[in-house]
Amino acid sequence: MVYIVGAGPGAEDLITVRGLKLLQKADVVIYAGSLVNPGLLKETKEGCRIHDSGKMTLEDVMQEIEGAEQEGLMTVRLHTGDPCIYGAIREQMDAMDARGISYEICPGVSSFCGAAAALPMEYTLPEISQSVVITRMEGRTSVPKRESIRSFAAHQATMVIFLSAGMLKALSGELMAGGYDSATPAAIVYKATWPEEKVVRCTVGSLAEAGEREGIRKTALIIVGNTVAQSGYLRSKLYDPEFETEFRRSSHS
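Numbering (my numbering), first residue to last: 12 to 264.
Mixed in with the good hints there might be a few duds.
[As the list claims (entries may be wrong)] Quick list of in silico lysine-lysine cross-link-like pairs, BS3-like style, CA-CA up to 30 Å:
1) K32 x K66
2) K229 x K248
3) K156 x K56
4) K56 x K36
[Claimed, not checked] Derived Cβ-Cβ restraints for the label pairs, each shown as a range:
5) G177 x G83: 21 to 29 Å
6) V210 x I145: 48 to 56 Å
7) M67 x Y250: 46 to 54 Å
8) T152 x G190: 20 to 28 Å
9) G83 x P131: 18 to 26 Å
10) E133 x S113: 22 to 30 Å
11) R29 x R157: 14 to 22 Å
Quick caveat, the hints were computed from the structure, so don't treat them as lab data. Idealized CB from N, CA, C, for every residue including glycine.
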């Protein structure tokens, strides 16, 4: 059996209880070495075979998984954050399907949640933004043209931008070309929830300058939109005494 486990955004104690139990039972662990906190490997049992997938191809990963299956061993494929976001797990699942290997996914805490906690902020503020766009700049790997930064920027929603810290000047230009004002609040969150976490507040127009000043070129999320300021919002109806719900009558009832 193979378990695809989300390791969380960085802090060792932000793996889920289920994920931790699976990690402790694993006979084989294949982990994303460049992103997963190596401290989690302390939780593996004695004799567990550990492989760093940062040095492996998909074919290498599948070879290890097939070998473990033939031996009747349990494998944990340990991904950073939640594996459903930029985890490249579909190709792994397809490969396992083709080989008749059973697997399950254990969700994890994504780094975009860790970044919000670091700021701290709520992404969905009433009358400011009720949508979150999770995306990235086009780099060595392409992005569908309909999903360009420029096209998403036209919506003025909250944007969480992955895998783009090394392209801040171009990112800033695309955001402004799409409709964000240069003064729109923004933030760079480096290694959210790790001990070396760093939060840099700036604007859309000053993203490149802020990143250069702080020496941030990778392993960071960029958050953009008026929600970053965390001001000017309306009170939520959820806890408004005048608002009646299935569980609570209004004060005028």
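Which numbered hints fail: Hints 2, 3, 5, 6, 9, 10 and 11 contradicted; others consistent.
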